[in-house]
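Novice: Chains as they are written, first to last, in this note's numbering: chain X, 10 to 314; chain E, 228 to 496.
Hints are computed from structural coordinates only; laboratory data are not their basis. Remember, predicted model here, so these are calculated numbers, not experimental data. Any given hint might turn out to be false.
[As the list claims (entries may be wrong)] Straight line, CA to CA, 20 Å or less: simulated SDA-like cross-link-like pairs of lysine to any residue:
id	chain 1	residue 1	chain 2	residue 2
1	E	K312	E	N270
2	X	K214	E	N270
3	E	K493	X	A220
Spelled out from the first residue to the last, the chains are:
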Amino acid sequence: MSVPDLSVDLAGIPLRNPVMTASGTFGYGAEFAAHMDLESIGAFITKGLSLEPRAGNPPPRICETPGGMLNAIGLQNIGIDAFAAQKLPFLRAVKTPCIANFFGETIGDYAKMAARLDAIPEIAAIEVNISCPNVKKGGIVFGVDPASAADVVSACRAETTKPLIVKLSPNVTDIVAMACACADAGADAISLINTLLGLSIDLAKRRPTLANVTGGLSGPAIKPVALRMVWQVARAVKLPVIGIGGIASASDALEFILAGATAVQVGTANFVRPDAAPRIVREMGDWLTTNGVDDVKTLIGALET
Amino acid sequence: MLTESFVLFNTEISPGYRRMRLLVSEAFVRKAAPGRFVMLRVNDSTDPLLRRPFAVFDTGAASDGAYFEILYRVIGRGTAMLSEKKKGDILDILGPLGKGFSLDDSAGEKLLVGGGIGLAPLYALARKLREASSTVRLFAGGRVRGDILCADAFEAIGVECRFTTEDGSIGERALVTQPLVRHLESLDIGATIYACGPEAMLRAVAKIAACRAIPCQVSLESRMACGIGVCLGCVVPGRRHSVRTPDFRCVCAEGPVFDAREIDWKMSQ
Ligand SMILES: Cc1cc2nc3c(=O)[nH]c(=O)nc-3n(C[C@H](O)[C@H](O)[C@H](O)COP(=O)(O)OP(=O)(O)OC[C@H]3O[C@@H](n4cnc5c(N)ncnc54)[C@H](O)[C@@H]3O)c2cc1C
Ligand SMILES: Cc1cc2nc3c(=O)[nH]c(=O)nc-3n(C[C@H](O)[C@H](O)[C@H](O)COP(=O)(O)O)c2cc1C
């Protein structure tokens, strides 16, 4: 059999394979150049960007939990100006699509960010984070209410012709209602899930482990929740879905694809192995070959229930 | 750099403390400068999920290649799993990472201050400094005799050692900062301090150095996930930090060794 076809089309962006790296776990890309071949993955997503630079939350910001970790980084980032001034030459040199993740504190901020990113040719698509659970003034208000989420998406849609990906929060009762609201407001793709809101307690100190008290749970522990949400959303909306949550192997990634994801993002696994994403690409090819599948696209949504 | 490496030995050197030697490449050893660290994966399951950070304790040439050592204390699940590794087992290493000690060329004494397992990065440093014929003194403190590690190794390379314990079971019954201050008071040439240990000790050493305008480098510990500066989980407040104008430094990428003046010692965890 010939080499299996791993390429997919994500809302008009051709990807050499469906494996991308998730926002906040991959820096601005360059940090990983020493550890892996950036041109072996489908695309990479930047750390969440905002109009102004942000210093983030006080420490401790992270703690390990069974099969996962909690983080309350507080959306620390260099800001759009520094990003545009410093990071673009690197992006120009890498032949892999870069997707910019961003957030704002008001609808106006979101719209301004969408406009700024729209003007940057090195950015292939934009991913709007309406779902960060960490910052009191942050995305949370938008991400849990379908009407507010739709307002953010329409405001961004008006400012960009680039593919607009909306990244959903899992901290809602009805994920399908959120996805439908975003689709109706003009999103080109839906990515899910962001981290699940959690709490860790240091019993000896009788205090929360994180200075922020609560944090976002990520890693293998959240995979079943993410898979379930991807499956529900993929059946309900016509847009391509990007599966995120606890992916650490090709089998994890392929399960998301079966559940309906067109592509996936690898997050926390990058911390365990900086070459996690390229390994998944390799193993995925091997799996397809072993199982006689010549095109990964035939697996998208092929779950039999 | 990701390396799969053979365990050469993993020996208990004092109750609850171990020294582990790993076979690595010469390229690895060249990068393993004093004060840098590695992220070790204690098993290949998802529990525990994250790697564990350890300082470069020693490096050298072995009969069958180059080697690298860590000195560690068994305190939790990850280090307990590490303590079970045997000769011939394979360990997955990410590193060497971070910014190590800067070896300042100025004359004067090099004063190493270690609290408990904080001694770990100081041995590689002592060797480097002794190779340059510096006068190197070690002030090592612990709660009890068993916390004073590898004294022979330091003495064998010509380091003057002073020990303190909280119970007086070895050395002086004092905090490690007491003989340090006495020594500084009697010293009429310059000195540089290099410290690693519990935060309270580092804060006290930083203050002693600041009062006397002595250069001081500290190696910090912080919970970290990635070790390569992307998760931004391991930050500590820097010198210009305030609630309104935060100044955070990333321990894994900007450190773990910092000039003590760069750290905001008011805000402790
Ligand atoms: C740069 C650096 C160098 C270090 N060098 C050494 C060394 O040479 N020898 C040594 O014995 N220890 C060293 N430590 C501390 C060592 O990393 C911890 O003791 C170890 O991670 C504990 O893991 P555990 O699973 O046994 O403990 P647990 O308490 O079960 O660990 C739970 C989580 O907390 C983290 N954690 C717990 N204690 C620490 C700590 N003190 N610092 C950072 N993270 C911690 C763990 O990595 C893990 O993610 C170093 C830490 C850092 C940051
Ligand atoms: C340390 C850390 C920082 C993150 N930062 C962001 C961010 O800036 N923007 C965002 O949309 N998601 C962010 N995320 C969420 C991830 O992109 C991803 O959605 C989530 O971690 C679930 O995937 P995983 O289980 O593979 O990590 C962050 C996650 C972690 C662990």
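Novice: Taking the hints in turn, state whether each one holds.
Specialist: Against the structure, the hints come out as follows:
1. Proximity of K312 (chain E) to N270 (chain E) is assessed by CA-CA distance (about 10 Å); at most 20 Å being required, the pair is judged to hold.
2. For the suggested pair K214 (chain X) and N270 (chain E), the alpha carbons sit about 29 Å apart, so the restraint of at most 20 Å is broken.
3. For a cut-off of 20 Å, the pair hint linking K493 (chain E) to A220 (chain X) stands: about 16 Å separates their Cα positions.
Comparing the model with each earlier hint shows a violation of hint 2 alone; every other hint is respected.
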